[in-house]
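Number of protein chains: 2
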Amino acid sequence: MLQSELKLRRDKIRALMAQQGIDAALIACNVNLIYTYGSVVSGYLYLPLHEPARLFVKRPNNLAGEFVMPIRKPEQLPDLLKECGLPLPARLMLEGDELPFREYNRLAACFPDAEVLPDGTELIRRARSVKTEFELELLRRSGAAHARAYARIPSVYQLGMTDRQFSIEIERLMRLEGCLGIFRVFGRSMEIFMGSVLAGDNAAAPSPYDFALGGEGLDPSLPGGANGTLLQAGQSVMVDLGGNFFGYMCDMSRVYSLGRLPQQAYDAHQVCLEAQEAVAAMAKPGVACEDLYNKAIEVVTKAGFADRFMGVGQKAKFVGHGIGLEINEAPVLAPRIRQELEPGMVFALEPKIVLPEVGPVGIENSWAVKADGVEKLTQAPEEIVEL
Amino acid sequence: MLQSELKLRRDKIRALMAQQGIDAALIACNVNLIYTYGSVVSGYLYLPLHEPARLFVKRPNNLAGEFVMPIRKPEQLPDLLKECGLPLPARLMLEGDELPFREYNRLAACFPDAEVLPDGTELIRRARSVKTEFELELLRRSGAAHARAYARIPSVYQLGMTDRQFSIEIERLMRLEGCLGIFRVFGRSMEIFMGSVLAGDNAAAPSPYDFALGGEGLDPSLPGGANGTLLQAGQSVMVDLGGNFFGYMCDMSRVYSLGRLPQQAYDAHQVCLEAQEAVAAMAKPGVACEDLYNKAIEVVTKAGFADRFMGVGQKAKFVGHGIGLEINEAPVLAPRIRQELEPGMVFALEPKIVLPEVGPVGIENSWAVKADGVEKLTQAPEEIVEL
Chain A
18 MLQSELKLRR
28 DKIRALMAQQ
38 GIDAALIACN
48 VNLIYTYGSV
58 VSGYLYLPLH
68 EPARLFVKRP
78 NNLAGEFVMP
88 IRKPEQLPDL
98 LKECGLPLPA
108 RLMLEGDELP
118 FREYNRLAAC
128 FPDAEVLPDG
138 TELIRRARSV
148 KTEFELELLR
158 RSGAAHARAY
168 ARIPSVYQLG
178 MTDRQFSIEI
188 ERLMRLEGCL
198 GIFRVFGRSM
208 EIFMGSVLAG
218 DNAAAPSPYD
228 FALGGEGLDP
238 SLPGGANGTL
248 LQAGQSVMVD
258 LGGNFFGYMC
268 DMSRVYSLGR
278 LPQQAYDAHQ
288 VCLEAQEAVA
298 AMAKPGVACE
308 DLYNKAIEVV
318 TKAGFADRFM
328 GVGQKAKFVG
338 HGIGLEINEA
348 PVLAPRIRQE
358 LEPGMVFALE
368 PKIVLPEVGP
378 VGIENSWAVK
388 ADGVEKLTQA
398 PEEIVEL
Chain B
18 MLQSELKLRR
28 DKIRALMAQQ
38 GIDAALIACN
48 VNLIYTYGSV
58 VSGYLYLPLH
68 EPARLFVKRP
78 NNLAGEFVMP
88 IRKPEQLPDL
98 LKECGLPLPA
108 RLMLEGDELP
118 FREYNRLAAC
128 FPDAEVLPDG
138 TELIRRARSV
148 KTEFELELLR
158 RSGAAHARAY
168 ARIPSVYQLG
178 MTDRQFSIEI
188 ERLMRLEGCL
198 GIFRVFGRSM
208 EIFMGSVLAG
218 DNAAAPSPYD
228 FALGGEGLDP
238 SLPGGANGTL
248 LQAGQSVMVD
258 LGGNFFGYMC
268 DMSRVYSLGR
278 LPQQAYDAHQ
288 VCLEAQEAVA
298 AMAKPGVACE
308 DLYNKAIEVV
318 TKAGFADRFM
328 GVGQKAKFVG
338 HGIGLEINEA
348 PVLAPRIRQE
358 LEPGMVFALE
368 PKIVLPEVGP
378 VGIENSWAVK
388 ADGVEKLTQA
398 PEEIVEL
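Chains as they are written, first to last, in our numbering: chain A, 18 to 404; chain B, 18 to 404.
Okay, chain A solo, but in the shape it has when bound (with noise of 0.2 angstroms):
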C-alpha cells in the first residue's frame, strides 16, 4: 500500500491520540494491522506521536524496509525502541477491547514506567469510521462486485434445492467474484460464515447475536442462518452475504421469491423500500444516527408493519450499521446514539420484515457519506425477484 495512504491512516490516529495526551500505541491486532501497515503481520506497530511508525515483526520473516525490525517476544521492544533512538512512551495504549487479558497484560509489563491505558480499540475504531478517499474506492469496488455476484443468483436456483443448497452456490459466485470469504466481526462472540440465506420461516428463529435477522443455522455449533428449509412456493428468501474483497465488507440483502407471494409479502417489501428511501434522503453529515433510525420506525409504523420489523420475537435494535474493515464499526443507526454523520462514514441499511408463513422482506444496501448526502454502493434492482 502506498506509504502516503498509510501515513494519512496513522496520522488520524495519532490525532485522537493527541487529544487524549497519549504519545505512542502499541498495535497488535490483525484488523488494525491492516489499517495501519495494510497487511496482516504477526507482531507489532508501534506507532509514536510525533515520530514514523516501527514495525517489529515475528513473522513472515520476509519483510524488510527502513522501519522494519525483526522480534521474537514483546519483551523485546524496550531495547528495541532505544535502538531505534526512540524515547519509552508515558502514556501508551493498547487494544484493550481486542487483545486477550493475559496478553494484554504482558504487553503492559514490558512497560513498566509507562501508563497503559486500554483505549486503543475504541479509539482506532473512532478513526477507522471515518474513511479515506482510498478507502472509499476499495468499498465501492467491494459493493460493485457484490452486486456483480448477486445479479447472478437467479442462475444458480434448482427447483427442490434446500437453502443450505442455495446458499452455497451463492458463497460460490461470491467467491468466484473475488469475495475473500472471511467475515470479520468486531467483538469475540459473533460468529457467521460468510452470511446467511433465510428461507420462509427460518428467518423467524433467534439468534446468540445482534445481527438484524438470525435463522437456526444447521448446527448448535454455529447457530445462524440456513437451517436446511426446502425452498417451496409460497415462500421469500431472504439472501444477506458479508462481502469482503479486497479487505473492506459492503453487506447487501436482496429477496428472491419459490413464486408467486402472498399481496401483503410486496406490500411489507414496498415499505421497506420506502423507508430506506426515507432514511438515505435525509441521511447527510450532521444528522444523528437516531434520528435516521427514527425516521426508519416511523415509516414502518405508519404503515402497520412495526410488529414484524426487524425479527418478531426477538428484534434487532438497529437499522442500519458501519461497515469497513469489519461487518459492525461505527457508526450505528440505533436508538439513543447521537452521534452525526460525518464525510467519508459508510454504512449499511437494511430495513427489514419478517412475514409468518412467508418469511423475510426487506432490503439492505451500502451506501458512503458524501458532503451533501449518500452514495450508494451496491446498486442492483431491489424488486423482489421470482425464481
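Hint data in this document are derived by calculation from the structure and do not stem from the laboratory.
It is possible that some hints are incorrect.
Identical copies carry no separate label here, and so any pair may be met within one copy or between two of them.
The list that follows gives simulated cross-link-like pairs (lysine to aspartate or glutamate, DMTMM-like), each with its CA atoms no further than 20 angstroms apart [as the list claims (entries may be wrong)]:
no. : residue 1 : residue 2
1   : K75       : D227
2   : K24       : E100
3   : K312      : D236
4   : K29       : E100
5   : K301      : E359
6   : K90       : D218
7   : K301      : E208
8   : K332      : E194
9   : K301      : E357
10  : K99       : E194
11  : K90       : D227
12  : K332      : E359
13  : K387      : D227
14  : K75       : E208
For this one, chain A is given, so just place chain B on it according to the hints.
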C-alpha cells in the same frame, strides 16, 4: 445434546478445578460454551464445583430449562446466583487467554470478594484435549465426510484453472458434504478462510501464522493460501482444508499433480508417508509428543530432505497438532513438548516437504489415540493423484 454427555465434560473441568482449589468457573467464550452447554449462546455458563451448572443467557430469548435464567448484563450475576441459592465463589476462574482485557475486568469486578484467576482458558483446553466417546464419534463422522468431499476433488478440476478457482470448487464440495465452513482457531491472530490450496512455488511463501505451510494469499488482508497461480504441468497442488462438521474439525491434506512430476517429488512424498507411518506406529498412550516429532525428523533427515521439511526459508516447528472444536488444540507434536499422549486425544499429523519449482508434497491425516495405538479418522488414498 444429552445431559449425561454435558455432565461428563463439566466433570472433567471440575476435576481440574478441584486440583487448583477453584470453586467456580464463569464461561463466556463460544467454543467453551459449545463444549459445556452444547451450543453457542450469548451469555454465561456458571460452573460451580459441587452444584449443577447454570446458564445465564442474553440471547437467544427462547431458551428454557430448570437451570437456565435470563440475564441482561453481567453485573446481575451475584444477585442471580443468590436467587439460585448458590454461594458467591471464593476462587473463580475466567477465560484469561480468550476474553478481551476490558471484558475480563468487567466480569472480574462483578465478584469483588473473590480471588479471580485467568486460568480458565488453559484448564478448559486441557479438559478438551481428551475427547469423550461422543466427541470421538463426531470426529470420526467429520473425518469420513472430509474424505468423501476429497474423493470428488479430481472431478472438479478443469484445464486452465488457477489455484483460486480450484479452491473455490473444493470449498463447495466440502460445503455440500455438510462442512459448516467456519474455521475455528485458538488465538486471536490466526485467520484463514476454509483452508489452503497451495500450488507450485506459492507453497514456499512465508506466512504470518504458525501453520504448516503458508502461501501468499489473494490479498494482503488475508495472507495465506492460494495466490492466483495458474495450474500448470509439472506442478504439485496440496489441498489442506479444515473440515468443520458438527462443530468438530478434522484436518486432512492430499496432493495432486498437473501431469507427471519430477521423480524427486514422488521420492519426497514417499518419505513423508514413511514419516507418517513411523510416527503412527510409535504413537500410543504414554509416548511424549517431542519423541514423535523427533521420529519424523529422523526419517526425513535420513532421506536427505531435512532442509525442505515443513517449509523452506521459514519453517513450521511442529509436525502435528491437536484438533477438536478448534484446529489447534493440545497436544502439539513439537520439540521440547514432554506432554504424553493419552487415550482420547486426537491430533493431525502432517509431514510435508516443499520442492522448488514443483511445489508441496506430503500428507496429513487426523488420528485418535486408542488404548494401544492410534486410529486413522481420514481414510482415503494417499498417493499423489494426477489431475
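Go through the copies and call it for K301 and E359: within, between, both or neither, with a Cα cutoff of 20 angstroms.
Answer is within; shortest intra-copy Cα gap is 7 angstroms, inter-copy 62 angstroms.
Within, between, both or neither: how does the pair K90, D218 come out at a Cα-Cα threshold of 20 angstroms?
neither (51 angstroms within a copy, 29 angstroms between copies)
Checking an output row: K99 and E194, CA cutoff 20 angstroms. Within, between, both or neither?
neither (47 angstroms within a copy, 55 angstroms between copies)
At most 20 angstroms between CA atoms: does that hold for K75 and E208 within a copy, between copies, both, or neither?
Answer is between; shortest inter-copy Cα gap is 16 angstroms, intra-copy 28 angstroms.
Since the copies are identical, ignore which copy is meant and state whether K301 and E208 lie within 20 angstroms (CA to CA) inside a copy, between copies, both or neither.
neither (32 angstroms within a copy, 36 angstroms between copies)
As a check of your reading, is K90 near D227 (CA-CA no more than 20 angstroms) within one copy, between copies, both or neither?
between (36 angstroms within a copy, 15 angstroms between copies)
Within, between, both or neither: how does the pair K387, D227 come out at a Cα-Cα threshold of 20 angstroms?
Answer is neither; intra-copy 28 angstroms and inter-copy 42 angstroms both fail.
Measure nothing new, just compare the shortest in-copy and cross-copy C-alpha distances for K332 and E194 to 20 angstroms and report within, between, both or neither.
Neither. Shortest intra-copy (33 angstroms) and inter-copy (33 angstroms) distances fail the 20 angstroms Cα cut-off.
Using 20 angstroms as the alpha carbon limit, work out where K29 and E100 are close: within a copy, between copies, both or neither.
So K29 and E100 fail the 20 angstroms test inside a copy (27 angstroms) and across (49 angstroms) alike.
When no copy is named, should K24 and E100 be tagged within, between, both, or neither for a Cα gap of at most 20 angstroms?
neither (23 angstroms within a copy, 55 angstroms between copies)
Since the copies are identical, ignore which copy is meant and state whether K301 and E357 lie within 20 angstroms (CA to CA) inside a copy, between copies, both or neither.
The answer is within: 9 angstroms in one copy meets 20 angstroms, while 62 angstroms across copies does not.
Intra- versus inter-subunit Cα pairing at 20 angstroms for K312 with D236
Neither: 37 angstroms inside a copy, 39 angstroms across copies.
In terms of the numbered hints stated before, the structure departs from hints 2, 3, 4, 6, 7, 8, 10, 12 and 13, listed from lowest to highest.
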